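Starting from the structure of chain A, add chain B where the hints point.
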Amino acid sequence: MKIRHILLTLTAFLGAALLVAVAVQIRTEILQYQTAQRIAASNAVREPLLLGANALADERSRTVVLLIGPDDEPGRRGDLLEARRRVDAALEQAEREIMSRRSDLRDTDRSLAALSHVTQDLGRLRRQADSDFAVDPGQRGTEIVSRWFKEATRIIDEVQSFRLTLLQQERPQEPALRAEAVLRTYGGILSESIARNQALLTWALSRGGGVPAAELEAVSRNAGRADLTWELVQGQLTAPLSSAVKTAIASANDEYEATLGPLQQTFLAALQGRVRPAIGPDQWYEISGRSLQGVAAMQQALLWSSRVRVDAELDRARWSVLLWTGLLLGGIAAVATSILVVRIRVVRPLEDLNSAMLRLAENDLTAPLPRGSRTDEIGEMSDTLRVFKANALRRQRAQQDKQMLHGRLKDAYRQLRKDLEAAAVIQTTMLPPASVLGDVRYCGLFRPSSLIAGDTYNVVQRSDGGVGFFQVDVAGHGAPAAMVSVASHQILSQAILTKPEGMRLEDLVERINGDWPEDLPYFTMILGEIDPRTRRGSIVQAGHPHPLLIRCGGSVEPIGDGGFPVGMIATAAYEKLEFEFGPGDRLLVYSDGLVEAENAAGEQFSEARLCELVREHSQVSTGQLLDRLDLALRKWRGSEKLDDDLSVLMLERLSERTHAHAHV
Amino acid sequence: MLTSEVRSNVLVIHVGEKRVDASKAPSFKDEMTKCIESGQNQIVLDLSAVEFVDSSGLGAIVSCLKRLGPRGNLAIAGAKGAVSRLFTLTRMDKVFALHDTVEAAVERLSA
Chain A
1 MKIRHILLTL
11 TAFLGAALLV
21 AVAVQIRTEI
31 LQYQTAQRIA
41 ASNAVREPLL
51 LGANALADER
61 SRTVVLLIGP
71 DDEPGRRGDL
81 LEARRRVDAA
91 LEQAEREIMS
101 RRSDLRDTDR
111 SLAALSHVTQ
121 DLGRLRRQAD
131 SDFAVDPGQR
141 GTEIVSRWFK
151 EATRIIDEVQ
161 SFRLTLLQQE
171 RPQEPALRAE
181 AVLRTYGGIL
191 SESIARNQAL
201 LTWALSRGGG
211 VPAAELEAVS
221 RNAGRADLTW
231 ELVQGQLTAP
241 LSSAVKTAIA
251 SANDEYEATL
261 GPLQQTFLAA
271 LQGRVRPAIG
281 PDQWYEISGR
291 SLQGVAAMQQ
301 ALLWSSRVRV
311 DAELDRARWS
321 VLLWTGLLLG
331 GIAAVATSIL
341 VVRIRVVRPL
351 EDLNSAMLRL
361 AENDLTAPLP
371 RGSRTDEIGE
381 MSDTLRVFKA
391 NALRRQRAQQ
401 DKQMLHGRLK
411 DAYRQLRKDL
421 EAAAVIQTTM
431 LPPASVLGDV
441 RYCGLFRPSS
451 LIAGDTYNVV
461 QRSDGGVGFF
471 QVDVAGHGAP
481 AAMVSVASHQ
491 ILSQAILTKP
501 EGMRLEDLVE
511 RINGDWPEDL
521 PYFTMILGEI
531 DPRTRRGSIV
541 QAGHPHPLLI
551 RCGGSVEPIG
561 DGGFPVGMIA
571 TAAYEKLEFE
581 FGPGDRLLVY
591 SDGLVEAENA
601 AGEQFSEARL
611 CELVREHSQV
621 STGQLLDRLD
631 LALRKWRGSE
641 KLDDDLSVLM
651 LERLSERTHA
661 HAHV
Chain B
665 MLTSEVRSNV
675 LVIHVGEKRV
685 DASKAPSFKD
695 EMTKCIESGQ
705 NQIVLDLSAV
715 EFVDSSGLGA
725 IVSCLKRLGP
735 RGNLAIAGAK
745 GAVSRLFTLT
755 RMDKVFALHD
765 TVEAAVERLS
775 A
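Here the protein sequences come in this chain order: A and B. So that you can map any letter, position 249 of the first sequence is 249 in the numbering used here, and since no number is skipped, the others follow by simple counting. Just so we're on the same page, the numbering used here is the position in the second sequence counted from 1, plus 664.
Keep in mind the hints are simulated off the structure, nothing from the lab. Fair warning: there could be bad hints in the mix.
As the list claims (entries may be wrong) - To give an idea of the chain B side of the interface with chain A (calculated C-beta under 7 Å), a few residues:
| no. | residue |
| --- | --- |
| 1 | 719 |
| 2 | 720 |
| 3 | 723 |
| 4 | 752 |
| 5 | 753 |
| 6 | 754 |
| 7 | 755 |
To be verified - Taking lysine-lysine pairs in the BS3-like style, the calculated list, with each CA pair at most 25 Å apart, reads:
| no. | chain 1 | residue 1 | chain 2 | residue 2 |
| --- | --- | --- | --- | --- |
| 8 | B | 698 | B | 730 |
| 9 | B | 688 | B | 698 |
| 10 | B | 730 | B | 688 |
| 11 | A | 641 | B | 688 |
| 12 | A | 576 | B | 758 |
| 13 | B | 682 | A | 641 |
| 14 | A | 418 | A | 402 |
| 15 | B | 730 | B | 682 |
| 16 | A | 410 | A | 641 |
Note that the structure is predicted; figures quoted are calculated from it, not measured. Where a beta carbon is used, it is the ideal one built from N, C-alpha and C, also for glycine.
Pulled out of the complex, with its shape left as it was, chain A reads as follows:
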């Protein structure tokens, strides 16, 4: 895994973790918001239902009053219609809330159906009540009031149970809200208990002593339920309720405990004892109406408090969602920025450096380097790479210069070699091929150690018939020696050809030696001549190896006593050696390259071995003898290469017969 992948993956991973955490929080907040919305919707529906139930209880009481008594007060029918309108308004309000909060409520269809059912029942019941009102009060039986009361109570119970179902569906988790919902339920029970007794006792009081036991039982049950409910309400006061709610509860409770509670007990006791109570139905109706108002005020306080709480929760959840969404967006921006920064500041420069390094490593010096003047590690790496590239470029230039120089050297060498080869051809051309001059036959062997040699030889015939010859070995090797050899070749050939009559050979050498420029290399030589008229030859030995005289009979002897090389000591004196050189006699003149040639062990071929070889082959022809010599030397060396130039010149005086034959 590459560094850039690690960096980007880490950044992305951290970013994703952060975003997931924030998203989870947002989801929680949204759920809380939705819960709050559902609770708000449920409250919004339950509130008119509660008010509707209260209003319905009020309508029930008013209708009971109208049904039992003579309609002597003109405003009572108007009040009833007013009470009915409040009930209708509350139920319509509940229906509107269900319709408008359809999305936040469950089973809205069933709720609407239940509500519609309640409305229909109520309508039917009202029509029945209205027809009962038309009957003369004296003709109305107790069963009319009883039926009305039972039916109206059943509808109120339906509304209340519908309300409780809604509460059951959305039970708030928050303690205060939960307590308020419970208290509202208790309030509903209280209100219903008081309202029932309002109606029942009003009816009982208006009838005097003849109240059936079942009715009294019902009144007693309602009273007991109210007392128990008040205890339950007291039990809820430990919950964190608002002071307004607490005050409303206390006020309603005080009202009940101070007047209605005891009064109810008193009435109940009196009715059971068939004693007519001290106050009439109208007063009772009014007192219980006040208590109902107190409970209604408590309900209003609870509703208000719950609405405030739910609204606060909605606000809080909405703000939380907004806040966390903002954080999420900020987080996304931060992660994107981090990835972008990592990419621009680290990953891309690393990639650029990496690719530049790879190209440089492959000797691609045209690789562009990352620009910029950063002072961090990447900047340092970049600077280092720049130095590296500069060095590589310098090395490349040096290499190119070297190659160019090498090319020039190669050209120069080629030219030089061409020149040397041409010079070698010229040098070889100057050497006389095997031939016969007068009665002297000669033959040469010439093997330079490199292209050109410091050795040379020549055989010339003077106009008087004398045959002159020389072999030269210039000190040193290579071009200087070769050029001097060419010069000496020319000088010696001319000297022999132009030697004045009667001039001695040793004087000639002395003159050449005396004239020889001091700056030039010296040379050794054998300069000789063969007299055409006598059977004699003569040589001057100037530092050159002793020539071998091979007699016609096969004897071999080195001749000469040595002598100064030419060009070494300007005042040197030379001697001439004369020897008999009859027909069939041969003279072998050689340069020191022959006897000083070393074998692999560093041993020289030597004069002794040469003499032995020549003796062994003294009877073969001159050409063959030279071949044998060449072969023996190659064998001795073990290679074709020579360390020193090698030249051999053989001269042979022909017998009269051979001479004539040679000319044929």
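Okay, now just chain B, sitting in the frame of chain A:
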């Protein structure tokens, strides 16, 4: 290649090479020239360790003699075998004083 010592006012130069040939001649000549130019003019060249001298080597030795000129002497000591034969062949035995040993040469030069 060369080591030198002074014995009885005579500079003795020992040649440490077995061969004094074309490849060694230039440096031999340079080192000899330095010895000569240091002011010594009585010199013994000890060739007892040398087995072979070629024409370039001989030229270098002779050039030293020429450089020394008439005011000095260059004697050869310990020349033997091929070296000795070369001196004889080229008549250098007539130009240089040849001695069998360094001692003999020093004795002669210091006399």
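Cross-check of the supplied hints:
| no. | hint | in the structure |
| --- | --- | --- |
| 1 | 719 | 4 Å, holds |
| 2 | 720 | 5 Å, holds |
| 3 | 723 | 5 Å, holds |
| 4 | 752 | 6 Å, holds |
| 5 | 753 | 4 Å, holds |
| 6 | 754 | 4 Å, holds |
| 7 | 755 | 5 Å, holds |
| 8 | B:698 to B:730 | 14 Å, holds |
| 9 | B:688 to B:698 | 16 Å, holds |
| 10 | B:730 to B:688 | 19 Å, holds |
| 11 | A:641 to B:688 | 20 Å, holds |
| 12 | A:576 to B:758 | 18 Å, holds |
| 13 | B:682 to A:641 | 22 Å, holds |
| 14 | A:418 to A:402 | 24 Å, holds |
| 15 | B:730 to B:682 | 24 Å, holds |
| 16 | A:410 to A:641 | 23 Å, holds |
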